[in-house]
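*Asks:* The listed protein sequences derive, respectively, from chains A and B.
Mapping of the first sequence onto this note's numbering: residues 2 to 349, in sequence order.
Mapping of the second sequence onto this note's numbering: residues 8 to 352, in sequence order.
Note that these hints are calculated values from the structure, not bench results.
The reader is advised that the hints may include incorrect statements.
Stated by the list, open to error - Cross-link-like lysine-lysine pairs, in silico, DSSO-like; alpha carbons within 27 Å at most:
#1 A:Lys243 to A:Lys156
#2 B:Lys327 to A:Lys314
#3 A:Lys293 to B:Lys326
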Amino acid sequence: FCLMIRRPPRSTLDRSSAASDVYKRQVHGDLNKMMKEGEKNEKVLLMGRRFSGKTSMRSIIFANFHAKDTIKFGFTMEVQSSKVKFLGNLYLNLWDCGGQDLFMEQYFGTLREHIFKDTAVLIYVFDVGSKDVEGDMRNYENSIKALQEFSKGAKVFVLVHKMDIIGEKDKMKVFEEKRALITAKSGEFKVEMFKTSIWDETLYQAWSKIAHFLIPKIDKIETGLNELCTLCATDELVLFEKSTFLEICHIEEKTHKDPHRFEKISNIIKQFKLSLISTNYQFEEMMVKNSKFRAYLFDFTKSSYLMVVISNKDVEETALKMNIDALKPYYEKIISGTTQVLSHIISF
Amino acid sequence: INAEYMGIQIMDLFVLGLPTCGKTSLTKVVFQKLPLHEAHSLSSSNSVDVIPVNNNPYIRFNVYDIPQCVGLDDYCKANPAIVQRVGAMIYVIDAKATPFEKACDYFKQCVAILLKYIVKLNVEVFIHKIDGDTFTKGDEYKLECHKDIQNLIKNELVNAAIDLNVSYYFTSIYDHSLYDSFGKVIQKLWPQIHYIVNMLDSLITRSKIEKAFLFDVLSKICIAADTTPTDPQNYGICSDMIDLFIDMSFIYGRDESEKNAFDDESSSIIELQSVSKTESSNTFLMLRQVENFIALVCIFNEKDLAKKGLVNYNIDCFKKGLTDIFKASEPKKQITNIDPILQYN
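Same shape as in the complex, but just chain B:
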């Protein structure tokens, strides 16, 4: 069954890895707002944890945190409907748990099992726990880890005769790298991404915006960005701005009974002064809601903000375009002229 043809979005994620590598803490920190200082006191998982992400009706997927003690093969056999919707496997390796042989061996097993059930699978490796003194002092240790893991995995895959492209990401729950990496993983799976990136590109050229990001405000994952090169610093600032905005809105912007403070008119502008000597003008960050729980964050230069009304109008057009794209991609409920056996139920 070609699920894509049937309009089902294949965006679910399987998160796998050895025990204590950090799968549960990273999924909970990103999708369930677990406070960082509680991440250490999580107990070992012994069953599959499913985190549904459906803040926005058009971007819905599930994240499955599968511990090693649950046999992956049995789980896949018992839940074919779940496996059908998986688009990517995220394998988490604890960068502090050298040597990596055991991790890479289990990785090969997981890949082999999943390839039995899934035709198109993105394989992403998160080199996790990149924090603490060993990593902040310089990049050499990070690159060493990367090289080791890459070589081990390449050997494992060659031995198992599996031909696959593996992507590597460095992550830590203590900074933006985790959110950035999740964002990249999701972007690869999202079918509408190309249309949206095109729209963002035309928006920034016509409105003289330096950089624009589309964020899911609850999980702070960047679901789209324009094609100009991203400065990780700018990405971090935009992500922090969302925190600031959501917290402030939560205090002042809602009535007692409401839980949600992010509505149609939510917006924010933050003015930043550049400390470097070459720049004399200030930088502005503008945030505007474009969809349920999706915000557009733009970075401008002071001189270009003079035409604020024009920019707002362009963003309104972008908003409408985004809604159109989402509506057009809704899974088709009615399928005619197809053999009843293939109908999605």
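If we strip away everything but chain A, and leave its shape as in the complex, we get:
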């Protein structure tokens, strides 16, 4: 699902902005045709300077790439737009904007309105090892200004990426320094910042929060799951999205020491699924136990997995399975219901 937005031919650029508008409308017309009734479409801008890691990140999360394979990527040619299905009827229109300086000039210049209009989320990526901090901040400031002009209501997430090159003890310090710099240039937007690396679970934590923000009426899913949790006497219930394995929501009956366990689990299961790709097998369900706990991972609705963690030895596995099977159609309705909205048309 890769739709490349082509650069308007030199001739149209030279003539006038109206001519390039017509060109853009033609190209965008294709996108409109792809949307059906009842789908909710959210435009997500992925921006940042060249080699900050944007394409690697989205390939790992959405396209089942292994972290070590992303080293082979070259630079992204202008804007790569992909439509990603997420949880039922929610579609993310992910615009991966190539970060070469030449392209970025265009984003702030001729393509300004086209890029920044109707954006729901801007994800800005900083390479923590970059030597040109001034240039990075200038680009960020320009992006914020353009976003302010065309999509005032957008949410901004900033990812301080490639944190694996910083030593453990310096991580917080470096992150806080960046936070100070970035908040100063963020204008009126309340920015949420994360430190990430493709080599550990921090990547999943950041994207999980982004996905969480994009799912409307998520509290409805949570109330539903809460009931299920008490009904089945479980310690914990976690809902994961099927293809990306990002955590959508969780119910915690028994407090657990590790607040980062969900992204760790996302990472763990994703790695296993990746290793199955070259075989003729597909992951279905899983049970893990030892003397202290039992964890089940069930194929729940069409677009989600449910993980159930139990430490109570009295809970019978068959009874649990029957309960969950019986409730699947009910949750299917809740989950697809929360993302159903009248079709959303991108206007010029």
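Since the structure of chain A is already known, use the hints to place chain B on it.
*Replies:* Relative to chain A, chain B alone:
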């Protein structure tokens, strides 16, 4: 002194090779869980590194990473007790560092030195760093390397009048080949292997299991497998399942003070759907702890899993058998009726 008679397990490994061929990274990745992206930033070793492997009280051995700068001859002379316990020499050759003449020359030197001190030595050659574009595009380059190295080594050994069987393995830290190769090397040295393989064979026939492996969960080395032909794909899946299992257990299955989440009742079942059109039933992977840090991983077909209780009972019997075999092979501490000079101290 016949060490085997005295009950000492001769399973230690010497890892040798030219500088930067990858000895330290491969030993650390397998036995010390070094993260892959840190493997490139290791500095050159300049002294012998000993990695003891003793997760299970019955399977204990040491891995010696010996860089070229430490003279092998001097090292062996200075440490006779260590050399006595060495069962195999692993020679690592960097497949990307052509030509191989230098590597094979040093190989001959190492073999000649070690044969002075050790009577029975398994010689294993790891053709390492089989990753990257040149190797993934097809097998021709791999086979070419193998042929080159094999011929060079054969010539070197003939010239030195050494008659020895050399085994070759292709390895890379980025996939299962490294663990698979280590597994094969260890299996050749393990005296109890035949009994255990027999037990595995009878287990799978009686429980209708397709394939069974015995893994050391910490290093993910396969220490035994039944005698049916192994599909490398299946081996890979089982190995990945262990990763999944250990990571999940680590998160939920332990109290704060404990470091170990792998206990007596550790088990896991993963259901996989077959994507190929000929198979309609699902495949199950079952993992069960059978000893400290040793897990049995079985592959079943869906229709055969109906008798789960029977399978679990059979596995319990296997577990008991395994413990018996291990206990029987404990080194004998007391030796009577033997000349005091020969007593092991």
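*Asks:* All hints are to be evaluated individually against the structure, with a verdict given for each.
*Replies:* Each hint tested on the structure:
no.	hint	result
1	A:Lys243 to A:Lys156	25 Å, holds
2	B:Lys327 to A:Lys314	25 Å, holds
3	A:Lys293 to B:Lys326	21 Å, holds
Going down the numbered hints, you'll see the structure goes against none, and every one checks out.
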